[in-house]
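**Student:** Listed here are the chains, written in short residue letters.
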Amino acid sequence: MSLPLRSLTRTIARTSRTPSIRSQLPKTTPRITTTTVTTPLLTPCVATSPFSTTPARPKARTMGQIRARNSTGPFSWKAALLFVVTGAGMIVYFRVEKERLERKRVAEMSKGVGKPKVGGPFVLKDLSGNVCTEEELRGRYSFVYFGFTHCPDICPDELDKMAEIIDKVKEENKGENVFLPVFITCDPVRDTPEVLKNYLQEFHKDIIGLTGTYDQVKQVCKAYRVYFSTPRDVKPGEDYLVDHSIYFYLMDPDGDFVECIGRQDTPGSAADTIMEHINDWKRSGKPLKKD
Amino acid sequence: MGWFSWSSSNSNQSSDGGRIAPDRSSRQRCWEARDQFFTCLDNNDIIDSVKGDKEARKKCGKENTEFESNCATAWVKYFKEKRVMEYNRDKTIERIKKEDAATVQDLKSQGWASK
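So the protein lines, in turn, are chains F and Z.
Every letter in the first sequence is one number past the one before it in full-length UniProt numbering, and letter 208, counting from 1, is 208.
Every letter in the second sequence is one number past the one before it in full-length UniProt numbering, and letter 36, counting from 1, is 36.
Hints may contain errors.
Pairs of lysine-lysine, DSBU-like flavour, derived with a Cα cap of 35 Å [said to hold, decoys possible]: (1) F:Lys222 to F:Lys289; (2) F:Lys125 to Z:Lys82; (3) F:Lys222 to Z:Lys58; (4) Z:Lys62 to F:Lys222; (5) Z:Lys82 to F:Lys161; (6) F:Lys235 to Z:Lys98; (7) F:Lys235 to Z:Lys97; (8) F:Lys161 to Z:Lys62; (9) Z:Lys62 to F:Lys235; (10) F:Lys218 to Z:Lys82; (11) Z:Lys62 to F:Lys218.
These are computed hints drawn from the structure, not numbers from a lab.
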């Protein structure tokens, strides 16, 4: 590599008529200096080549001409503009694409290989006393929260947040019924359908309340990986609290877990996250119930 | 007694056997009574009103009674314990922050520069 380059340098040094340049080129010229100086000087050689389509540039005769050519080089304002516009375009495109892939990765990651890790089959009762299974949630995005009506402070706050999220998502979907907010009680002994109905009405009429027997609720909590600490045998009238998970679970229309929404999310940020997933699903053309 | 003394009466029993939870307005009343009680505790430098029950009753007797009559027993216990937990948590965070600042100061004096 170094041999042909040095011989090239020597040729250029010979062709150059300016003695000052020759003096600037010692035999062991570092590569970088060589290339910067050679570019304009090489052109005549290239122009004589039969393969070149570049019009021959007149040979630079004086230092002034060389300097003038060097001052602009191959750059012009057009090239600069093209460079900046293309660059900006690419950056924007890559950012958008990266975000989309990241969301896809989050969604795919939760799908796992075989069975979903969070969520799964359950049998519960809705507030009219009808049996409700995980099948009823299929086909739409569902938003599952576990709580109990005798909850002192966190659940009411979170349910107020849920109400805001429901309205925001509904508005963004232009009234399409693609989103199912679900409240599952961890305290089935006290939270019967009637109690639950009155409680949830205070927050949002769209929230679907689900309750069941002690074992049914225990099973659904296990499926959603919710810590379940409800005492089994409670004396009538005894007062107690229930520890439970304070996350919202976003489930996709296949019934697979997508993402958690926690205390740190505001109604705005939560609704944005949900809408991103819903829009990704819509864009991918997969079926989604809207009625 | 209070608005919802669950342990004594059947009035909070729903027709299908469940127990009616406090609604929005009674929650609000409970929280307000709680805040008044805690303000009184703050003024008297009492953190733990479970262990320091005697002192709390002596200094904030009125607020305590109000708090207990507006909130369910389980809630009263929960809020009192939560107050202690939050106090300890805040103190720990503050301590860690101070330690962090001291470590940074120490490292800087040894010639370390943060980027």
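**Student:** Are Lys222 of chain F and Lys289 of chain F close enough, with their CA atoms no more than 35 Å apart?
**Tutor:** holds (28 Å)
**Student:** Can the restraint linking Lys235 of chain F and Lys98 of chain Z be considered satisfied, given a maximum Cα separation of 35 Å?
**Tutor:** violated (49 Å)
**Student:** Run the distance test for Lys82 of chain Z versus Lys161 of chain F: straight-line Cα separation, threshold 35 Å.
**Tutor:** Holds. Lys82 of chain Z to Lys161 of chain F sits at ~22 Å (cutoff 35 Å).
**Student:** Between Lys62 of chain Z and Lys222 of chain F, does the CA-CA distance stay at or below 35 Å?
**Tutor:** The given pair, whose Cα atoms are some 44 Å apart, is violated under the 35 Å limit.
**Student:** Just to be careful, I want the Cα atoms of Lys222 of chain F and Lys58 of chain Z compared with a cutoff of 35 Å; is the pair within it?
**Tutor:** violated (46 Å)
**Student:** Against the 35 Å threshold, does the CA-CA distance of Lys62 of chain Z and Lys218 of chain F hold or violate the hint?
**Tutor:** Since the Cα atoms of Lys62 of chain Z and Lys218 of chain F sit roughly 42 Å apart, the hinted pair is violated (cutoff 35 Å).
**Student:** Does Lys62 of chain Z pair with Lys235 of chain F here, judged by a C-alpha cut-off of 35 Å?
**Tutor:** holds (31 Å)
**Student:** Verify the proposed pairing of Lys161 of chain F with Lys62 of chain Z, using a straight-line Cα cut of 35 Å.
**Tutor:** holds (34 Å)
**Student:** Check whether the Cα positions of Lys235 of chain F and Lys97 of chain Z lie no farther apart than 35 Å.
**Tutor:** violated (46 Å)
**Student:** Is Lys218 of chain F within 35 Å of Lys82 of chain Z, Cα to Cα?
**Tutor:** Given pair Lys218 of chain F, Lys82 of chain Z holds - Cα atoms ~26 Å apart, limit 35 Å.
**Student:** Decide if the proposed pair is consistent with the structure: Lys125 of chain F and Lys82 of chain Z, CA atoms, cutoff 35 Å inclusive.
**Tutor:** holds (34 Å)
Violation of the numbered hints given earlier is confined to hints 3, 4, 6, 7, 11; the remaining hints are satisfied by the structure.
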